[in-house]
Structures are given as C-alpha cells and as structure tokens.
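A.B. asks: Here the protein sequences come in this chain order: V and P.
Take 1 as the starting number for the first sequence in the numbering used here and just add one per residue.
Take 1 as the starting number for the second sequence in the numbering used here and just add one per residue.
Calculated directly from the structure, the hints in this document are not laboratory data.
Where hints are given, some of them may not hold.
What the hints assert, rightly or not - Below, a sample of chain V positions facing chain P; criterion: calculated Cβ distance under 10 Å: (1) PRO134; (2) TYR139; (3) ARG153; (4) ILE266; (5) PHE304.
To be verified - Simulated coverage check for chain P against chain V, where a stretch passes if three residues somewhere in it have a Cβ under 8 Å from a Cβ of chain V: (6) 87–93; (7) 98–104; (8) 211–224; (9) 259–272.
Everything numeric in this text was worked out from a predicted model, so none of it was measured.
We treat Cβ as the ideally placed atom computed from N, Cα and C, and that holds for glycine.
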Amino acid sequence: MDVEQRRKERLDRGIKVRTDGLYSLMSLRELSYLTVPRLVLIVGMLVLPLVMPSIYWQRVISIVCIYALLALSFDLLAHFVGLVSLGGAFFIGVGGYLAAILNTSFGLPPLLTIPLATVIGAGICTVFLLPCLPLRGVYFAIVSLMYPLALSRIIEALDILGGTDGIMGIESFPNRWVEQYFVIIMVLLFLFGTRRLVNLDIGLVLRAVKDNDQAVRASGMSITFYKAVAVFVASGMGCMGGACLVHIYMWSGISLLALDFSILPIAATVIGGVGTLVGPVLGCFILVPISELLRAFGTLRIVFYSLILVGFIVFRSEGIMVYGQRKYHQFERWVRV
Amino acid sequence: MDILIYGTINSIALALMALGFALVYGISRVPNFAHGALYVITGFITWTLLRTLGFNYLLSIVLSMLVIAVVGAFIYQLVLIRVRGMAISEIIASYAIGLAILEGLRWGGFKGTTYTLPVFIEGSINIWDIPVDLHRILVVGIGAAVVSLLWLFTHYTRIGLALRGMAQDERAALMLGIDSDIMALVAMASGAMLAGLAAIVLLPLGNIVVEKGYDVLIQAIAVCIVGGLGSWMGAVLAAFLIGFAQILTTVYLGPHFQMVVALFAIILTLILRPSGLFGQQKELEERV
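Pulled out of the complex, with its shape left as it was, chain V reads as follows (with noise of 0.2 Å):
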C-alpha cells in the first residue's frame, strides 16, 4: 500500500517590488497588482454612503467607521507594542465627554471640539494608563478593564457629567455627508497613517518592545516612554471615535461605556486578521451590520461577539485578511513528497 503523499508548496509571487526596496516598477501589471487593492479599500468606502438605501444604513456606516478607529487602536497596541487594552470604551467615553463638555459648556463648533478632545482625550488616557506602561504582563489589560467600568459608577455615583441622564444639546454636524465623510476619510487617515507609523523607526522600536524589551532597554531606550507614545496614538484615535459618535447622536451618556465598545472592536480584529491593521477596519464592515441586524436581542449580541471571538481565537487565530493576504501574494500547489 503505498499512500501518495503530497505536500503544499507556496511560492511567492515574482515580483521586482516584493524582493527589495527598490520601487522598480516594470510593467502597469505590476503597478496595479499592488495598488488595486488599497484603491478598491479607498474609493470602496467613499463610494459606500452614496449606495446605501436609507438614512438608517449610512448612519450604521459612520458607526462602522466609528468602530474602526477603535479596532486599530486595539491592533495597534496588542500586536505591534503588546499591550492588551480590554477598555475600548474607556477611549470613546473620554473623548466623548470631553467633546460633550467642549460644545455645551465652552460652545465650540463640533470641528473644534472633535481635535481637541482628540488631543487632550489621549493626553488624560496615557496618563490613567501611565503607572502599568512600566511593567510586563496582564498589568494593563486589568487596569484598562477597570477604568471604564469604574467610571461609569463614579458618575452614577455621583451625578456628575449628567448623572444617568447624560449630558443632551450636543450640536449636530452641519450635515449628513460632513459627518458621513469626516469619519469616513479619518479612518482612511488613520489607517495608511498607522501602517506608515510601523514601518517607521519609531514602529520598529516599539515592535521591539513588543518582542524583547530587556533589549530595548539595554540599548538605552526608554520603554515607558515608548510605551506611551503608542498608548497616546492608540487613545487619540478612541477619542476621536467617541467624540464623533457624541456629535452624531448629539448626547453623551453612561452608554458610551458599554461593554460593546470594548469587545467589538477586539472580535472585529482577530476576525479581521491579527496585526495587518487593515483586517480590523475590515472585521468591523462585517460585525457592525451583523450586531445592527440583531439589535433587538439586547445583550445577546454580546454573547456573540464573544463566542465568536473564542472560537476564532482558538482556531482560526489568523483571520481573514492574512488568509487573503497570502492568496493573493502566493501561488499555491500540490507537489509529490
């Protein structure tokens, strides 16, 4: 009995651009096998609001966008510098309130207020965040676990920041197509922005962190600091997210706290496809809609997410986007061993 045994091989494909450096582009086919897909990415979601049918689904597109800027900064942290941040909602809720605060209490324009509480949203982060930057380990994925949902009873507690109620009169964007493409052309900024950030020198280094930080810091480099320099983009781009969705829906509340917005966005990137950046943006094109579909199960969305994430995490821990990546970049074929 002899049994054929056969093997996968794969072969990269040949092409001048992905053996050096050197951009020597030779033909147009080789130009367009690398600039299709991020321009089916870019003019895909610009065209996106003008196909939806209804009001209803371009607002569940700006929520897309909303949840994409959180799945990166999740990526960002966990897979590039290693810090596993479980308070997705702790970003949204800051930059949230901070806006709410900015536009009702100082009365700035919601393109003011959107920067700022960008800027100084991240600037309060990294500094809750900044006692667990020195350490290795589950250290900051337990406080950043905790800061929402202690939040979220401080001002129950209390009754500050609007209490329960939440703070309303938020101003709204001038438009629908603003507030449509301010978000959308955010989360293409920060994408190609966050992929040029990790492949700079800054990028290397925290990548590095990530792998040996007794190396890092025998070279002389301050962890900490590092650390915090990616805590501080990671959190901006929460912020950002959770003062957009306050001018959208023009009320800032307790909801901003939710656990929907730590665990989305962490199932929509190990969907997606660990550490690619663009597999995040993608995995919340899929589980957005899905979670909007099945609005009227209340919190049983939330056993879905997570199911699903278990299941992924445990058997398919690549995700879609390395799948295709490799589909695309490889030839594949059976050969005789």
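Using the hints provided, position chain P relative to the given structure of chain V.
C.D. replies: Chain P alone, transformed into the frame defined by chain V:
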C-alpha cells in the same frame, strides 16, 4: 468597633473571592478573566437547583460546586489549553468567555431582586453591643477554614505539592514527572470551585445580580495585585488591607467608592511596588 468587626468580615469575604483567581494565576499563569462569571453562575445554578428543582439546600450546594468545577475544567480543556503561553490570546479568550457567560445570563432574564439564596443560619448576636448576623460570622469561620485547608492541601498532599512545584518552576516540575497540563486543569477546576464556594457563602447576603460578576472580578484582581500576583498568602493579607480600606471609605465617604478603592489600590501598588506585597521572587520577571 463596628469598623473592626465589619472590616474583618469584609476582608474575609474579599479573600474568599480572590483565592480562586490567585490559585489559577499562580499555577498556570493564565489570568482567569472569567472568574467573576464563574462566581455569578454558581449562584444561579444553586438557585435553580434549590428553587426550580426543589432540592435540599445542602445537596444543591454540593451539586453546584461540582458542576462549577466541571465547567472550569471544560473551559480550560476546550479553550485555554490551546492558547496557553500566548499572553494576548489567553487574556482575550478568558475575557470573552466571562463576558459570554455574564451577558448570556443577563439576556436569559436573570436580573432583578427575585434571585436570592437563603442564609445558612437565621438570627444575629451582639458583639460589644453591635448586632452581627450569624451568617456573617459563619463567613468568617468558613473563610478561615478555607484558607487553612488550602494551606494544608498545598503543603501536605501530593497534588498540592505538585501544584506548588509547578507554580515555582514549570520546567523543573516537568522534569520531575509532574504533568503540567493536568496540574493546570486541576488548578482551574479548583479555582472555579473556590469561586463557587465564595459565591455560595457570600451571595445569601444580597441578591444574585449579573453586575456582581464584574465587581467580584475587579476586587479579586485588586486583591491579587496588591498581594503580589500568584502569591496566595499575600492575597490574604492584601484582602485585609483592601477590606478595611473599603469599610473606612464606606463609613467616611459613602458606599459608592468600593470600586474606586480597588482601582486606587491597584494603581498605587503598580507605582510603588509592582510585584505586590509578597511577590519578591518574581520582581525581575514583571518589572522590566
């Protein structure tokens, strides 16, 4: 005086909540973010056995402890064992399991004030003119018994010694013929059982609500961090520290600040002494 009495009771309660988490983390290095969920689900299982199926109270307690141990073992064997050693996946997987259980219970309609367990002994006595329920005194007794039994178990039985060996150095334990997967499974099952025990002892003092799951998780983690992650005796001492701090803030500031006390304790510990009160031997590993 009442601060002293209620502080002691609260501290023992915190120690009971935290021991399961400390045990699992100390032995298998898996941060069990599903700890609070295991706590709450035990309460609901006991309630179901007692009220819906009409079992004897003692029988339903024993049964639900067994069930929760099996649940813990299943969580480890089906999910956590596959991601063990991958820090990011461990955290996400256990957190997601905990969320799934808690939010599933919330969706299943387990909320409101209808779900209560009866106290073990009715009545109260006066200690220095302060009325204390007998059940609360029983909590102190059971807590002390659990802590000392755990100490005896880990110092004088084969499995207990193997567990401690694994907690100290997993590779050396493997070389001595201790199967680390089975030991981690035992640790997870007994951790779940400790969470269940804490639930059964403490839940009669209030309603069974889903939100308790998050509170218990956070307080357990706070106690473990202050005591030094993985150090059991440290956890017991830290429970007294945080327990009294909570009672003091409740008396002087108001009852809403319990969670803030836990958070503040964690932050302060991380700034001043990241390895906790009793975690010296792991200081180099955790402080970069």
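A.B. asks: Hint by hint, say whether it matches the structure.
C.D. replies: These are the hints, each one checked on the structure:
1. PRO134: 6 Å, holds
2. TYR139: Interface hint status for V/TYR139: holds (6 Å vs cutoff 10 Å).
3. ARG153: 5 Å, holds
4. ILE266: Status holds, d = 6 Å.
5. PHE304: 9 Å, holds
6. 87–93: As far as the stretch 87–93 of chain P goes, the hint holds, because 6 residues have Cβ atoms under 8 Å from chain V.
7. 98–104: Three-residue rule met by the stretch 98–104 of chain P, so holds; n is 4.
8. 211–224: holds (count 3)
9. 259–272: Held - the stretch 259–272 of chain P has 8 residues with a Cβ nearer than 8 Å to chain V, which meets the minimum of three.
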